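Undergrad: The residues making up each chain are set out below.
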Amino acid sequence: MINENTTLWKRWNELANKYPDKTAIIHWVAGEKPYIWTYSKLLEAANKFSHLVFEKGIKKGEVCAIIMRHNPFFYPLYLGISGIGALPAVLAYPNPRLHPDKFRQGLAGMSQRSGLNHIFTEKDLEPIISPFIESEHSTVKDLFFPLEWNLDSIDLAKNEDKLNSLRDEIKPTDALLLQHSSGTTGIQKPVVLSHQAILQHVNNLAKVLQLDETDKVATWLPLYHDMGLIGCLHTPLAFGIPIIQLDPFEWVIAPVILLEAIHQQKATFCWLPNFAYNIMADKIKDEDLEDISLESVKMFINCSEPVRAESHDKFSKRFLNYGFNPNALGASYAMAETTFAVTQTERNLRAKEIKVDRVKLSQGLVDFNNDSLNFRTCVSSGKIINGCSVKIVDENRVEVSGNLVGEIAVNSVSMFDGYRNYPEKTEAVLDSNGWYYTGDYGFIFENELFVIGRKKDIIIVAGKNIYPEDVEDIVSQVKNVFPGRVVAFGEDDPDLGTEQISVIAETNFTNVAELKKLKMDIIKTAMEVDINIHHVYLVPPRWLIKSSAGKPSRKANKERIMNDNDKQIWSEK
Amino acid sequence: MISERLHKIICSTLGLQEDEVEIKDDTLANQVPGWDSLNHVNVITAIEKDFAVRFKSIEVLKCKNVGDLQKLVDSKINK
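Chains as they are written, first to last, in the numbering used here: chain A, 1 to 573; chain B, 574 to 652.
Hint data in this document are derived by calculation from the structure and do not stem from the laboratory. Do not rely on the hints blindly, as some may be mistaken.
As the list claims (entries may be wrong) - Each computed DSS-like pair below joins lysine-lysine, with the alpha-carbon atoms no more than 30 Å apart:
no., chain 1, residue 1, chain 2, residue 2
1, A, K455, A, K558
2, A, K464, B, K629
3, B, K597, A, K283
4, A, K516, B, K622
5, B, K644, A, K464
6, B, K622, A, K285
7, A, K479, B, K597
8, A, K524, B, K637
9, B, K637, A, K102
10, A, K33, B, K597
11, B, K597, A, K285
12, A, K123, B, K635
To be verified - Beta-carbon label-pair distances, calculated as ranges:
no., chain 1, residue 1, chain 2, residue 2, range
13, A, K555, B, K629, 39 to 49 Å
14, A, G484, B, D623, 37 to 47 Å
15, B, S585, A, Q568, 23 to 33 Å
16, B, G588, A, E122, 27 to 37 Å
17, B, K629, A, D495, 18 to 28 Å
18, A, S165, B, D641, 45 to 55 Å
19, B, S585, A, Y19, 47 to 57 Å
20, B, K629, A, N433, 54 to 64 Å
21, A, P131, B, K644, 33 to 43 Å
22, A, P483, B, R578, 38 to 48 Å
23, A, E287, B, K644, 14 to 24 Å
24, B, A625, A, Y19, 31 to 41 Å
Since the structure is predicted, the reported quantities are computational estimates derived from the model, not experimental observations. Glycine included, C-beta positions come from ideal geometry on N, C-alpha and C.
Between the sequences and the hints, there should be enough to build the whole structure, so can you do that?
TA: As structure tokens, then:
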């Protein structure tokens, strides 16, 4: 057990003093020699960043956004910011397809909601971000380029006493970091977590995973995502085991690099969203796998997307001949609001699968009648970990019993205190007894949680949450689409093991050439906000079914488009 | 210069009409509608199949734009 009544800065330094030469982070770049941070070197560099950040006038409690590509100096910068009690907030580096105005709009939304105070980024982004800093409503005071700083020219003696007393003032219950829920242009929910929440979570997760000092975590997950930041950076770093961090952009182009890193570094744990199992099973060639062994892996943990039995099956079959142990297929249910994991499957035990009647499941009843031909295989996300409680509730938030499906509600010692500057959203999801209502549907069977769907209409594409409202707003602005007469929804892609974004839009067009052009206009407009629409269905006016509230119903229209061979629907698949 | 054949494969994989999209040497994948990270592997696989060539992952990683991809294809064909 690690001490929970301290700060992360003190914990990291404790490790650096105890194991100065132990590897903390292996920064991986495909085809290059990895950059290795030992605990002592990492904390030495982090301390230098703390001095520089302090000299810039940054104060305890201020939010420092970090927008940076895969770079070895990201880690000491992140640690250095938290080392003066400021809150690092990792934001996604803008995809080049994202229109600068839309990127600034996203920053403005975060700035207003989260109260961003400073931005640390790369020089390349200066022309894009500067106009936002100078705008009237920006809360951001400064733009810094920390990769340009000279760490060797710092006079550490100058502010040492001030920094030490500042660090002594930081309490375990003080805020450590701020992270944003996914979202694109508008809906961002900032979550603030304390040192204690992280440390408690590390202890609880380490216990269930039976982590020991020989373990290593391999990851390509982006650090603006809770699975990457908490699961794969904070947990191993505070526990005292190495992280092998790959570039997400490199992994998605060449998925085999994760397996190369696991093989070369003998990694033991790896968290992945469901689609990654499909990508690796389907897209990695035999010749790329020569000499690769996955024998070292104790667990691949499927998290952040609904876990699919088919994905586990195909991954297991694909890599059986490469030393992969099928019992290493684990799963977890996790979210930023509870710091990270709520449930976790056990070591050396493949995530449990059960077959239930699909029709009854859609009616909210779990029926294990295996004679049914129309069954769905549900995969367990594991047992509830120490410090957490889970209950299944009905629409009135009353706990349901037995084999009933309901909304998953969670309580945790590592619970967030509410969304920052978003009391109405906090009130909607967090009750006075500390229960967080997740918006996910599921059931409990033999003390294990099975997550089967969502109450909310969120589309999860490769582990990234996309709010349909964002997509609908963008598509509504396209010329020749009826504003407000648009529905966005997630369409299952069994090959990729994830959802893809589909859109139904009403238009007056009937000519095929015009419809084709409109489809392209819709796709290109969405690209500007980094949304990739996979399918466009164009329908005539008044085709969309309205809900009782008078708005087009996502559920009803999705069902109609999926089941209807209506000749009025135009699409190119 | 991007060959008609490569242009056609890319468009066909992404469900685009060839005359809808201009692809030049310096075109980046993310400038082509639908060519996102999830579709990238599909595009590469389609190119390999059509030209009957095999790319190593690291070779694909080094391609910064479609022009680089064309050069990679050419280098394989001319071997």
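Undergrad: Hint by hint, say whether it matches the structure.
TA: Evaluated hints:
Taken as a hint, the K455(A) and K558(A) pair is honoured in the structure, with Cα atoms around 15 Å apart against an allowance of 30 Å. For a cut-off of 30 Å, the pair hint linking K464(A) to K629(B) stands: about 28 Å separates their Cα positions. A C-alpha spacing of about 27 Å is found between K597(B) and K283(A), which places the hinted pair at or below 30 Å, so the restraint holds. Under the criterion of a C-alpha separation no larger than 30 Å, the hint pairing K516(A) with K622(B) is consistent with the structure, at around 28 Å.
Note on K644(B) and K464(A): the hinted pairing is violated, with a Cα-Cα distance of about 33 Å set against a maximum of 30 Å. Restraint check: the Cα-Cα separation between K622(B) and K285(A) comes to about 13 Å, which is no more than 30 Å; the hinted pair holds. Between K479(A) and K597(B), the direct Cα distance comes to roughly 27 Å. Compliance with the 30 Å bound is thereby established for this hinted pair. Annotation: proposed proximity of K524(A) to K637(B) holds, straight-line Cα distance about 21 Å (limit 30 Å).
For the given pair, K637(B) sits about 24 Å from K102(A) by alpha-carbon distance, which is consistent with the 30 Å threshold. With a C-alpha separation of about 33 Å, the suggested pairing of K33(A) with K597(B) is violated against the 30 Å cut-off. For the hint linking K597(B) to K285(A), the alpha-carbon distance of about 29 Å falls within 30 Å, and the restraint holds. Under the criterion of a C-alpha separation no larger than 30 Å, the hint pairing K123(A) with K635(B) is consistent with the structure, at around 23 Å.
At about 45 Å, the CB distance of K555(A) to K629(B) agrees with the hint of 39 to 49 Å. Range check, G484(A) to D623(B): Cβ separation about 43 Å, and the 37 to 47 Å hint holds. Take S585(B) and Q568(A): their Cβ atoms lie about 27 Å apart, and the range 23 to 33 Å holds. Here the CB-CB span from G588(B) to E122(A) is close to 34 Å, well matched to the stated 27 to 37 Å.
Checked against the hint of 18 to 28 Å, the C-beta distance between K629(B) and D495(A) comes to roughly 24 Å, which is consistent with it. Checking the proposed 45 to 55 Å range against S165(A) and D641(B) shows it holds: the Cβ atoms sit about 54 Å from each other. Remark: the range hint 47 to 57 Å for S585(B) to Y19(A) is upheld by a beta-carbon distance near 55 Å. K629(B) and N433(A) have their C-beta atoms about 56 Å apart, which keeps the hinted 54 to 64 Å range intact.
For the pair P131(A) and K644(B), the beta carbons lie near 37 Å from each other, so the given range of 33 to 43 Å is met. Checked against the hint of 38 to 48 Å, the C-beta distance between P483(A) and R578(B) comes to roughly 41 Å, which is consistent with it. For E287(A) and K644(B), the hinted distance range of 14 to 24 Å is satisfied, since their beta carbons lie about 21 Å from each other. At about 52 Å, the CB distance of A625(B) to Y19(A) disagrees with the hint of 31 to 41 Å.
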